[in-house]
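Student: As a plain string of letters, each chain reads:
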Amino acid sequence: MNISKTFKATLAAALLTLPGAAFAEWEPDGPITLQIGFGSGGSTDTLGRAIAASMEESTGWDVIVENKPGGGGVAMFSSLVREDADGTTLGIGVTIPTLMNLATRGEKLPFKADSFDYLATIVLAPLALVAPADAPYNTVAEFVEHSKANGGSLIGFDAGPQRMIMRAVNKSADAGFEMVSHKSGAEIIQGLLGGQLQAGFGAGAHIQYLDSGDLKMLAVATQSRQGYSPDTPSFIEQGFPYSVEPYFYIAAPDGLDDEAKAALAKALDDAINSASMTELIGNIMQTTPNNLGPDGTEAKLVNGLSDISALLAASED
Amino acid sequence: MVDFSTILAGLGDAFTLTNLLFVLAGVIVGQFVGAMPGVGPVMTMAIAIPFTFVLNPLPAIGFLVGVNKGGLIGGAIPAILINTPGTPDAAATAIDGYPLTQKGKPLKAMKMALYSSVTGDTFSDLVLITIAAPLAIIALKMGPVEIFALMVFAFSLISGLIGSSVTRGIIATVLGLLLATVGLDPEHSTPRLIFGFFDLYDGFPIASVAIGSLAVSEIFLRLAKMRGEVRPAVNIPRDQTSDQKNVTFTEYWACKYVLLRGALIGTGIGAVPGMGSTAAAFMSYASTKQSAKDPESFGKGDLRGIAATESANSSVAGADFIPLLTLGLPGSASAALLISAFLIQGIQPGPLLFEQQGQLIYGLFGAMMMANLCNFTCGFFGLRLWAKLISAPESVVFSAALILCVVGVYLSTGGTFGVYVMLAFAVFGMFLNALNYPVVIFIIAFFLGPRFELSLGQTATILRGDLMNLTNHPVAILLFLMSAFCVYWLGFRDGKSKRSIEAL
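Residue numbers (this note's numbering), protein chains in the order written: chain A, 145 to 461; chain B, 0 to 503.
What the hints contain is simulated information worked out from the structure, not anything from laboratory work.
Hints are supplied without guarantee of correctness; some may be wrong.
Using 30 Å as the maximum straight-line C-alpha spacing, the simulated DSSO-like pairs for lysine-lysine come out as follows [said to hold, decoys possible]: (1) A:360 to B:140; (2) A:292 to A:360; (3) A:292 to B:140; (4) B:140 to A:327; (5) B:292 to B:255.
Rough simulated footprint, nothing fancy, chain B against chain A, three-plus residues with beta-carbon under 8 Å [unchecked claim]: (6) 186 to 192; (7) 276 to 289; (8) 314 to 324; (9) 329 to 336; (10) 343 to 354.
Predicted model only: the values in this text are computed from it and were never measured.
Note that the Cβ used here is the ideal one computed from N, Cα and C, for glycine as well.
Same shape as in the complex, but just chain A (with noise of 0.2 Å):
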């Protein structure tokens, strides 16, 4: 009794539907496959596995997270461009990663940055250039300054392009910058909090040290100022033409059909604005949802290629 009224209750529904569907008729065929480019517990598996949860309460669709650590996203971008582009595998990675392997053995790597097709971007990390909050030293210029006068800095990063900033700083001013490697932004800030650091990066775990006044803020690495600190001005504004943009990426195997596609970028947009993912993402990162849509993030990949290697050539000795 039960079964044939709910039997009847979803058939009104569909009926009810029918003509508005009629637009966004395409339907995944089968389960879709989630695959995250890192381990799981880390920020990108954290915004992966909730834009599948979000995407499957607005769609209906089953929505399955698989995580494929390795190289920064190159594992699972490698496995990714062999899958069919039915739109059932997608995979979520980072730029700057993907553009750092692509340019520098982009010859050895299955994928070019046309090998997909792009869908969305979830959001841009605000990356910027940090210090103890005691340092006597307020901008890049002051920093490179102070470097000089006392034979050299210690400067913590994680990843490469955050490297080359600096070396392409350290080069045009002779600034006398040593880089120390880390595993992560939260041992860089450990490093600027214990004194063995006199400036390193963050891409957000940094924010509340600027609330709490321990860490203060040089510039950011981003292209545009960030929401959090209005006042910071970035590398560029400071006279140092470098940028680094991390934002983390939806794609798809080449080839997807219009319709496909169309409606895989609709529904990841409603998730990546959903009021939750906007919540989460306020909680992780302190910023909000920045999603550019297919066109845009395409660009940001193609054009960021070209980018990532300027910052190379000024960063080589």
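Given the coordinates of chain A, work out where chain B should sit on it, guided by the hints.
Tutor: Just chain B now, kept in the frame of chain A:
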């Protein structure tokens, strides 16, 4: 300092039936997955975190803390019962735990592990609750140079474990370090020794190597030894007296210094981010063995061996919270997962945490206390169940364990590649065993290798290639001197006395 009413309010929040049930559920899940070779608490926490989004902060964190703490005890169970440590943490537990099982006393070994684990855990929780803030400030002063010196010290302590053949021990260490260099180098991110496999960019997956060479190789060995008859995996004599099944208070109390040393080592290592519980377990085991009057009884079923390992690796768990809660810095994979759980709940672990969320933190401390109690109770009753389970025919026990290893590694490494690596390392582990090379030394070297390389690189940059700059790092110098002393007293002296005995 947080005022007293906040503390009481926080504890009051914690001690509710709902929270108790969440903590209890976490502990049960944790003990269960810890005992499954290949699954483990870290992966379980990663899977559980998205589900905690809908819970209130305290039950959510309480559940995860329960999983974490339950896993500490669960991990020792397969190590003791079938010599297949599911995590490198428990590898040192197997050294003395498994011989006791062979003697028909698995319950006694597991009980000792349970008591030691709960003792170490409670000790470090008390340290966390009372003196976390000053300890965190000291730990913060441990920069890359000091961490590097601490790692050298850890290696020198562990060298005492090498055993009869120094040459074989060194070869195993070098093999471990060599295989740890596979993947991107920490300075310039250049891929090394990957032979075209992109899956190796981040190195061999730790889960595959640890489970393959520790657990699966043992399972293969046991399967190979099987004959046509049906035998239980472990023979427990039916007419055991109670002191063969239980740990008496005298036996427990005899280990008091061992337990205290283990808890101190674990708490110290846990408070310094970046070393991890495996190193703590081995350091505690090695120093206990070396300081004993009868080091030759270790490895043959000595309760002190179990006490040393379990108290140390469990006390890391509480101490991991010291940098986590006071500075927002994770000391281990499970602590990093807890940070993301905090973040999902809208709580920023960091310098302002005690100020802004004092009540929640004391609630969390309350939950940790409850978890310890639940751990003890569940463990006490659960151990009988595990002992029963293990008397099943070995063909069932070992094939089930093998399936669990495959599934666990498949899940945690995200595909079949990790499983192939695991099988390759299982064969590798069997070879090491057959040729009498110490597998545990290989594992600890592999495990510490990447961090060792990173700290070496950092140290070289910070010292600007000039050893004289070490004078700015007195703590590091002290640790280097202690290492030299250790190698001399533990390594050479021991080797000499053994050789002179052999010569007689």
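Student: Against each hint, give a clear statement of whether it holds in the structure.
Tutor: Each hint tested on the structure:
1. A:360 to B:140: 20 Å, holds
2. A:292 to A:360: 21 Å, holds
3. A:292 to B:140: 25 Å, holds
4. B:140 to A:327: Between residue 140 of chain B and residue 327 of chain A the Cα gap is close to 18 Å, so the pair holds against 30 Å.
5. B:292 to B:255: 16 Å, holds
6. 186 to 192: holds (count 4)
7. 276 to 289: violated (count 0)
8. 314 to 324: holds (count 3)
9. 329 to 336: With 5 residues closer than 8 Å to chain B, the region 329 to 336 of chain A meets the three-residue bar; holds.
10. 343 to 354: The restraint on the region 343 to 354 of chain A holds, since 3 of its residues have a Cβ under 8 Å from chain B and three suffice.
In terms of the numbered hints stated before, the structure departs from hint 7 and from no other.
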